[in-house]
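S.K.: Join these two chains into a complex; the hints should help.
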Amino acid sequence: MDVVVEEVSQIWPGVRGTSVVALDRVSHRFQSGRITCLLGPSGCGKSTLIQIIAGLERATSGAVRIEDPQHRDIQHPLGADSVMVWQTLNLFPWRSVIDNVAFGLEMRGVAKAARYERARALIASVGLRGFERHLPGQLSGGMRQRVALARALIMERPILLMDEPFAALDAQTKIVMQEELLRIFDRTRKTILFVTHAIEEAILLGDEVVVMTARPGRIKDVIPVDLPRPRSHEMVAAKEFGALFDRTFHLIREEVTKTMAQQDALEAR
Amino acid sequence: MTSGRAARIWQFALPPLTIVAVVVAWEALVRLRGIAPIYLPAPSSVFVYLSRMIADGSMPYHLGITLLRIFVGFGLAAVFGIALGVLMGMSRTIARVADVWIAALYPLPKISLIPLLIIWVGTGEAYKIVISAVSAFFPIVISTYSGIRQTDRGLIKAAKDLGANARQIQLKVVIPGAIPSIFAGLHLGMGIAIILVVAAEMIGGSSQGGMGWLLISSGQVMETEKVFASLIVLAVVGAVVIKLQQWIDRKVAPWVSYHDG
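Top to bottom, those sequences are chains S and D.
When we follow my numbering, the leftmost residue of the first sequence carries the number 5, and every step to the right adds one.
When we follow my numbering, the leftmost residue of the second sequence carries the number 114, and every step to the right adds one.
Here chain D stands alone, though its shape is the one from the complex (with noise of 0.2 Å):
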């Protein structure tokens, strides 16, 4: 019979022993096995390969200008996202007319418009950066539209009763109500920028770095080990910035978690 303390600590430490476990066992299995290391490296070189990189600023360079092109498509997407969303809620027409460009064209994977852009804009920065833009835009754009349409009618009346005039009910009530949704949509948006980038970095075949070119050629000469390097790193990364919009969303809509008003 276990005490609550110790059954406390025991969920607590159970989610990372499991991962302590597969990598002793993963470790354990290509040594004992002898597996090639262009098949399967053990993790003891994988993190000798990343301590490398590391330490000659290679992983570091490829990682600062993947995140930078993230998050200028990302910014942009946001910008204009949420400029469209909110001008969306406020006039019909404007719902109705950016309503059917939306229902043709968020269907579409925005990765199929990777040839298109790289005739129009090659393979330089542009292309990167537009092409998580446009991903990241949609769902920015539906999440605030919708956050918007499903303002509490109440909350409108009652903002009126208490004298405020349309405008005054679209900047004080309806774009603050819409925040949660909003949120939720640059939450996703800001995992869609992530996966366009790595992808368009390794499809342009350009020479400018980036996780997505330091995975496809390290792939491409059986680096493996560089390979599974830039997919921890990829994972951390993506995991703190889970973390950093979680705190942010705190920070800038504590209510939300509350509920109720």
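Isolated chain S, as found in the complex (with noise of 0.2 Å):
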């Protein structure tokens, strides 16, 4: 499925008639198959942009569609071929991890011994096994990383969308579940759209960078990675990953300035 994105613009309206655009006029599609990284300084909307592509927000403008390749003709609506992954998680603290990831298919009205059936399965594959009954509040970081991931994975849905979610792991995990996730997509091949702000993340995991700009957010460039997959973390040492990390470190490095630039400006006032 490829996520196309028209000239979208998100303005959020202000105090005392200022208004912020968070979005500014952000166009590209989304390539099936691929995993495609939104890299930005924090603030200028590639959350926003993933949250629209879910159809959790609605744009101000423009419009994004979902496109099977094969069949550009056939309308899909928004969110029902993809899944988020929230950077907050956002797990049920009251249901246990078993009942986290299962919520979806009791939302849809699988039955309880079916749908159990399959989430321990999941939970098995991002290797969680014995803590079914564990409650979120019980886990490490990691831990409920796996979780979230497994209850986005269980809707097997083709895209997978996912909003820094590793931005809050020690560095240690962040490895494995970077590397998790690189063996997901090798064995499912979803379309996936990862935002982050750190740039050897984006690299090593994607076919794509999009660089985003600061506020106003607007596509800066987009860097093509070909990197052999299967991918691993041994590539970070190679010279190709170190050219990439800087071509793309001197383009993010003007937005992180303009961003700090904005921050102070604002704190003048």
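Each computed DSS-like pair below joins lysine-lysine, with the alpha-carbon atoms no more than 25 Å apart:
| id | chain 1 | residue 1 | chain 2 | residue 2 |
| --- | --- | --- | --- | --- |
| 1 | S | Lys243 | S | Lys178 |
| 2 | S | Lys116 | D | Lys364 |
| 3 | D | Lys364 | D | Lys285 |
| 4 | D | Lys270 | D | Lys285 |
| 5 | D | Lys273 | S | Lys116 |
| 6 | D | Lys270 | S | Lys116 |
| 7 | D | Lys273 | D | Lys285 |
| 8 | D | Lys285 | S | Lys116 |
| 9 | S | Lys262 | S | Lys224 |
Example chain S residues on the side facing chain D (calculated, C-beta under 8 Å, incomplete):
| id | residue |
| --- | --- |
| 10 | Leu60 |
| 11 | Trp90 |
| 12 | Phe96 |
| 13 | Phe107 |
| 14 | Gly108 |
| 15 | Gly141 |
| 16 | Met159 |
Just so you know, these hints were derived from the structure itself, not from any lab.
Bear in mind the structure is a predicted one, so any value in this text is a computation, not a measurement.
For every residue, glycine included, the Cβ atom is placed at its ideal position computed from N, Cα and C.
M.R.: Laid out in structure tokens, this is it:
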């Protein structure tokens, strides 16, 4: 499934007539079966964009279409083919691991035995066998992240929308989860939109890195990443990786500097 | 230099020891100064009265009546309070209408309704149950409503993304998420119901019994030992109710103590 974003703008009304332009005429085709990383400074509207794609926010203007490359004429409602993985995880704290993972199936009316069977398989596939009855609060950050991933994967949607899912993890856990995601991608070939503000993460995971500008969020540049798959963390040391990192870093540095200047200006007011 | 273990035992033993010390001092004061029992009876004679009242069944009788009134009133308040709070959370119109009434009636001291209630329903059971139900109702509605309103937006979005419809979001996300607030409201409501039932039993001038009636009728004939015995029972019952609620909280919403999700 391709995600086609056309001229999408998002303007938040502010106080006393001022308004904030979060996204300014963003257009891009996120291609099927690839990982596209959205990279940009904080507050550049990356999260807003993927929530618009998920159908959870309405764009002020512009359009988002979900397209099957083989059947371009068939209309797909937003949200029906995608599932989110959130930075804040948004696990239901009163539900056990298995009931969190099975949530989507429960909403669909799948019988308990059937949804538990499916959920157990997914819990095992993310390495959490034996923790089915635990509450999210009893798990470590990395384990909770796995629950969130399993809860999204059980939906079997072709598009995975990931909003800085590993940002809150410690460095080691982050590496393990990135490799886990790469394995899932190699196995399922889902279309993945991955929001991050970490350059290394964007290059390691992505087939393409979309660099966004500071507010207002626009697409500054699109960097193709032609590192071979399957990928792993050893590649970070490769020369090609270094070259991509440098190129991306220069683009992003300008934007981070701009963001800092914007923040200084805000504070000075 | 005390060892760590001795220090721990001391930490543990100190609070109950202070109670023992006060009781001993009280006993000594009454005996040494020869204070008349109608002013301040010695703990030992309070204890004698208390055991006599338990043995002859009068204390269990009055306590039972009071507890029954508390639980019936509290139960009504809980059912209607939670129901209205949830409805307010689901419908903006209901919330706006109910808000006006709550704003007007909540600050009114519920005890001031007693004369009116006696005129309307007499001094029987109905009056004591209504007064406790009405007064426990408000904190329960208010806490339920605020719990429903403060649902984490992220959880609602996540549920929506996972295919939940509006009704499922209410039942599976909003209401379970409000349980800690609802319980906080129930705690407050229970505390108020206890106060109001005992107060109503004192003021009603009725002969139906209950701890409030026992207190006021013992006080009027200067049976100060019985007054103290009743106070001790009320204090113990209050402590037991609080512990019981905490235990139920942990059973029903164990996730609250883990804090993060």
